[in-house]
Amino acid sequence: MQDGARPHCTENVFRFLDEYFGNRIIALDYPKFTGTGMDCPPYSPDLTPCDYFLWGELKDTVYGNHPSTLDELESAICVVFPLRH
1 MQDGARPHCT ENVFRFLDEY FGNRIIALDY PKFTGTGMDC PPYSPDLTPC DYFLWGELKD
61 TVYGNHPSTL DELESAICVV FPLRH
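Take 1 as the starting number for the sequence shown in my numbering and just add one per residue.
Among these hints, one or two may not hold up.
[Said to hold, decoys possible] Derived DEER-like restraints, expressed as beta-carbon distance ranges:
#1 Glu74 with Gly35: 37 to 45 Å
#2 His66 with Arg15: 31 to 39 Å
#3 Lys32 with Asp71: 41 to 49 Å
#4 Cys78 with Asn23: 22 to 30 Å
[Said to hold, decoys possible] In silico EDC-like cross-links for lysine to aspartate or glutamate, where the CA-CA straight-line distance does not exceed 16 Å:
#5 Lys32 with Glu57
#6 Lys32 with Asp18
#7 Lys59 with Glu72
#8 Lys59 with Glu74
Honestly, the hints are just simulated from the structure, not real lab data.
Where a beta carbon is used, it is the ideal one built from N, C-alpha and C, also for glycine.
Given these sequences and hints, build the entire structure.
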């Protein structure tokens, strides 16, 4: 982004993102093109990619196996994010 210019968004870009990420997209004017998703302000410091993609993806992956104990939950998380020492 330069000189405060808005990002260039087209319906083709939004269709591609929707095909790849489903309804987990937060983008300026996204709902106007697709009718789904969440609109976000252009310069919000409160929104980060991890908040809206990574944690949702982690939750889907970890809870997809329906862990029933804390140890199973921890193991499932470690599969997604292996600890490196």
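Status of each hint after checking the structure:
1. Glu74 with Gly35: 37 to 45 Å: Holds: the Cβ-Cβ distance is about 39 Å, inside 37 to 45 Å.
2. His66 with Arg15: 31 to 39 Å: Given about 33 Å between the Cβ atoms, the range holds.
3. Lys32 with Asp71: 41 to 49 Å: holds, 46 Å
4. Cys78 with Asn23: 22 to 30 Å: Holds: the Cβ-Cβ distance is about 28 Å, inside 22 to 30 Å.
5. Lys32 with Glu57: violated, 25 Å
6. Lys32 with Asp18: holds, 13 Å
7. Lys59 with Glu72: holds, 14 Å
8. Lys59 with Glu74: holds, 12 Å
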